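In order, the protein sequence lines correspond to chains A and B.
Per this note's numbering, the very first residue in the first sequence carries number 1; after that it's consecutive.
Per this note's numbering, the very first residue in the second sequence carries number 1; after that it's consecutive.
Honestly, I wouldn't trust all of these hints.
[Unchecked claim] As a list, the in silico DSS-like pairs of lysine-lysine whose alpha-carbon atoms are at most 30 Å apart:
id, chain 1, residue 1, chain 2, residue 2
1, A, LYS125, B, LYS103
2, A, LYS23, B, LYS31
3, B, LYS120, A, LYS23
4, A, LYS92, A, LYS125
5, A, LYS23, B, LYS100
6, B, LYS100, A, LYS95
The set of hints was computed from the structure by calculation and includes no laboratory data.
Quantities reported herein were computed from a predicted structural model and do not represent experimental measurements.
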Amino acid sequence: MADQDTLYWEDFVVGETMRFGDKHVTREEIIAFAREFDPQPFHLDEAAARDTLLGGLAASGWHSCAMLMRMIWDGYLHRTASMGGPGIEEVKWLKPIRPGDVLSAKATCLESRPSQSRSEMGIIKTHYEVANQHGEAVMTWVGFQFVARRPAAARAVAAEAEA
Amino acid sequence: VSQFFEDIRIGEQVALGSHVFMPDEIVRFAKRFDPQPFHLSEEGGRASHFGGLVASGWHTAAVFIRLRVEQLNRQRGAEPPPPGERAPRYGPSPGFRDLKWLKPVHAGDTIAYSSRVVEKVELASRPNWGLVSSRAEAVNQRGETVMTLLGQVFVERRPDAARARSTPCPPRSPSSARSTST
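The task is simple: from the sequences and hints, build the whole structure.
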């Protein structure tokens, strides 16, 4: 759907930032994810978690990534001509994400280039930082995203509008 | 056998088992975390360059961590620590690097996972723990690698080794104190 609100590769400008959230984290969802995908004591049980490096119940790092993925979707990806992602350069889990935390994210476009092999899309590299309600960075993520280029028709319309 | 940091050898590889990605679980994961149209329905996938329903890359990664944890739990259960010793503690992880989604995981694909130890680092800041890095690989039923990543996990050091490090006495042998690799 090439409506006016859709974000194409051309709309992602190096150096620009976007902020989105908030995401409220519940104990139930931390435990539900851990039961299904990461059943380690510090993600499952408050008492068992107290005696670990995390010092209390905390979300699985992979759950944190999945939560940020959903925040990105709700923030802007739902109106982006996404063609998937080839991968992640680095994720750092800096601080535990606890039940009751409220997460917000800041995305900064680091790089942008057209695809060499596929003319219909471009690649953007984005740095995400997730902070909790205390303003502490809890996670960073540097990753790549494939985004469709603006259709030629839309480019022509945009050029006309500027003239 | 459950392994303390000292027991883990660089180059060790372990097969973690495989998983079949059924359409309903692909959709269920995507609805919660990654509702892009090609992860939500066969029709949405067919309308995209993927040509059909494909799993979220985060779903492929989440199944890796489940198989990894299950394998560690099996190790613990299969061979309890000898009398007077306890099982080593693992985790959490400070993060990962170089996660690559090389090929899509289509509905019905069988993905086999493995993990190979590539680096061990002693930590000055946490004398009772070491950091182990492993290269994970996920391969589909056609032998194509669909995902790789470089994961990290904190692994507890042998209590006797930790005691030796914390005593003010000189180390028992000149080479024992800070050597890193195997």
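Consistency of the hints with the structure:
no.: 1; hint: A:LYS125 x B:LYS103; verdict: 19 Å, holds
no.: 2; hint: A:LYS23 x B:LYS31; verdict: 16 Å, holds
no.: 3; hint: B:LYS120 x A:LYS23; verdict: 35 Å, violated
no.: 4; hint: A:LYS92 x A:LYS125; verdict: 16 Å, holds
no.: 5; hint: A:LYS23 x B:LYS100; verdict: 26 Å, holds
no.: 6; hint: B:LYS100 x A:LYS95; verdict: 24 Å, holds
In summary, the one numbered hint that this structure violates is 3.
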